[in-house]
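Novice: Sequence:
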Amino acid sequence: EWIIVDDGSKDDTAAIVNEYAQKYPFIRLVQRPDRGFRKVGGGVVAAFKFGITQIQHQDYQYIAKLDGDMSFGPRYLEKMFAEFEHDPQLAAVSGKVFRTEQN
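In the working numbering, the protein residues as written are 1 to 103.
Honestly, I wouldn't trust all of these hints.
Claimed, not checked - Here are the simulated distance ranges between beta carbons:
hint : residue 1 : residue 2 : range
1    : Pro-88    : Gln-31    : 33 to 43 Å
2    : Asn-18    : Leu-66    : 17 to 27 Å
3    : Pro-25    : Gln-61    : 12 to 22 Å
4    : Gly-68    : Glu-1     : 26 to 36 Å
5    : Gln-58    : Pro-88    : 29 to 39 Å
Hints in this document: simulated from the structure, not taken from any laboratory. The structure presented is a predicted model; accordingly, all values stated were derived computationally and were not measured. Beta carbons are placed, not taken as given, at the ideal position from N, Cα and C, and that holds for glycine.
Generate coordinates for the entire structure from the input sequences, incorporating the hints supplied.
Specialist: Encoded structure:
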C-alpha cells in the first residue's frame, strides 16, 4: 500500500493523487488540513508520523519516506529493499544525494 500524505497543499496534489488512486488501488491519499503555515523540519516529521497512523495493517515489511521534490532511478526502491534482505539487522537504508544547480 502507498499512503500519500497531502500536508495541506494548496495546489492540485489531492486531485492528481486521487486520479492515480482510481487506476491503482494500492494508492491511498490521506490529507492534513492547511494550517496556514509551512513548518520545515518538524512539519515534515509530523506529516510522516500522521502517515504512519494511517497504516491499516501491521503486516508491512518496509516503510519508505519520499518527498515530492525527490526523483529516483527506476530500480531505487528495489535496491534499497535488497539491502534489508541481504542484512536483516539493518534498520534504515538510504541512497546517495545529488544536487543539481538550476540555471
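Novice: State for each hint whether it applies.
Specialist: Tested hints:
With their beta carbons about 35 Å apart, Pro-88 and Gln-31 fall inside the hinted range of 33 to 43 Å. Checked against the hint of 17 to 27 Å, the pair Asn-18 and Leu-66 passes, with Cβ atoms roughly 18 Å apart. As the Cβ distance of Pro-25 to Gln-61 is approximately 19 Å, the hint placing it in 12 to 22 Å holds. At roughly 19 Å, the beta carbons of Gly-68 and Glu-1 sit outside the given window of 26 to 36 Å.
One distance hint, 29 to 39 Å for the beta-carbon pair Gln-58 and Pro-88, is violated here, with the actual separation near 18 Å.
Violated hints, listed in ascending order, are 4, 5; each of the other numbered hints is respected by the structure.
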